[in-house]
Amino acid sequence: GIQVEQSPPDLILQEGANSTLRCNFSDSVNNLQWFHQNPWGQLINLFYIPSGTKQNGRLSATTVATERYSLLYISSSQTTDSGVYFCAGAYYGNNRLAFGKGNQVVVIP
Amino acid sequence: DTEVTQTPKHLVMGMTNKKSLKCEQHMGHRAMYWYKQKAKKPPELMFVYSYEKLSINESVPSRFSPECPNSSLLNLHLHALQPEDSALYLCASSQGNGELFFGEGSRLTVL
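Protein chains in written order, with this note's numbering: chain D, 1 to 109; chain F, 1001 to 1111.
No lab work stands behind these hints: they were computed from the structure.
It is possible that some hints are incorrect.
[As the list claims (entries may be wrong)] Computed from the model, here is a short list of chain F residues facing chain D with C-beta under 8 angstroms: (1) Glu1099; (2) Phe1102; (3) Gly1105; (4) Arg1107.
[As the list claims (entries may be wrong)] Derived lysine to aspartate or glutamate pairs resembling EDC-like cross-links, with alpha carbons at most 16 angstroms apart: (5) Lys1036/F / Glu1058/F; (6) Lys1040/F / Asp27/D; (7) Lys1041/F / Glu5/D; (8) Lys1041/F / Asp10/D; (9) Lys101/D / Glu1044/F; (10) Lys1018/F / Glu1067/F; (11) Lys1022/F / Glu1058/F; (12) Lys1041/F / Glu1099/F; (13) Lys1040/F / Glu1084/F.
[As the list claims (entries may be wrong)] If you anchor each label on the Cβ, the simulated ranges turn out as follows: (14) Arg96/D / Gly1028/F: 19 to 25 angstroms; (15) Ser76/D / His1077/F: 44 to 50 angstroms; (16) Ser75/D / Gly1014/F: 25 to 31 angstroms; (17) Thr1109/F / Thr66/D: 41 to 47 angstroms; (18) Val64/D / Lys1041/F: 26 to 32 angstroms; (19) Asn24/D / Ala1039/F: 20 to 26 angstroms; (20) Glu1067/F / Gln55/D: 36 to 42 angstroms; (21) Val106/D / Thr1109/F: 23 to 29 angstroms.
For glycine and all other residues, C-beta sits at the position ideal for the given N, C-alpha and C.
Start from the sequences, fold in the hints, and give me the full structure.
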């Protein structure tokens, strides 16, 4: 199956700082998502981004499908950005979404 | 607010109990999923229902029994669980392109 590698595994940020999270895939995917899991366990859908660039407020994501990686940018980080960020991917039509191990992000005031 | 609703949010059960987790979505999605997540790990797929039929069972022990009564509802029946089954159980649904939407989860503790 597809292997997903996320980096860095852990990140501590000062409030207001910017950061970039990276996700590498072992094979091509055409379903790619970024999630944020808050401290209460809820997995929030951030982006569905099999290719291209999308922005949502202070967050943006870019996927370079031909090179099998995706980036998540957090700008002007806030304490509410703390949590675990997961990327996940699959072939189109395959319901087995492969998850990375996550990026643990802590934003300190 | 999530459009996938899970109940209960928390459940404590003994190893001889029978309980059920419930999930509901009203987004018209035709695929529904159960995932299990242990602390500091990514979610692990358990079951997938597509058009109300079980399409994937990831070799889950029979003490977990899924049920899909209709296209909006998904249940997970629990019986004779072990303490190591304590985890966060996540329900999700997806549309045609496979984009997953998760519920808030049910945190299960088995004593």
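Hints and how they fare:
1. Glu1099: holds, 4 angstroms
2. Phe1102: holds, 4 angstroms
3. Gly1105: holds, 5 angstroms
4. Arg1107: holds, 7 angstroms
5. Lys1036/F / Glu1058/F: holds, 11 angstroms
6. Lys1040/F / Asp27/D: violated, 25 angstroms
7. Lys1041/F / Glu5/D: Holds, because 13 angstroms separates the two Cα atoms, which is no more than 16 angstroms.
8. Lys1041/F / Asp10/D: holds, 13 angstroms
9. Lys101/D / Glu1044/F: Given that 16 angstroms is the threshold and the Cα spacing comes to 11 angstroms, the pair holds.
10. Lys1018/F / Glu1067/F: Given that 16 angstroms is the threshold and the Cα spacing comes to 15 angstroms, the pair holds.
11. Lys1022/F / Glu1058/F: violated, 19 angstroms
12. Lys1041/F / Glu1099/F: With a Cα-Cα distance of about 21 angstroms, the restraint between Lys1041/F and Glu1099/F is violated, given a limit of 16 angstroms.
13. Lys1040/F / Glu1084/F: holds, 15 angstroms
14. Arg96/D / Gly1028/F: 19 to 25 angstroms: Holds - the Cβ-Cβ distance for Arg96/D and Gly1028/F, about 22 angstroms, lies within 19 to 25 angstroms.
15. Ser76/D / His1077/F: 44 to 50 angstroms: This hint holds: roughly 46 angstroms between Cβ atoms.
16. Ser75/D / Gly1014/F: 25 to 31 angstroms: violated, 48 angstroms
17. Thr1109/F / Thr66/D: 41 to 47 angstroms: holds, 46 angstroms
18. Val64/D / Lys1041/F: 26 to 32 angstroms: Since Val64/D and Lys1041/F have Cβ atoms about 27 angstroms apart, the given range 26 to 32 angstroms holds.
19. Asn24/D / Ala1039/F: 20 to 26 angstroms: holds, 25 angstroms
20. Glu1067/F / Gln55/D: 36 to 42 angstroms: holds, 40 angstroms
21. Val106/D / Thr1109/F: 23 to 29 angstroms: holds, 26 angstroms
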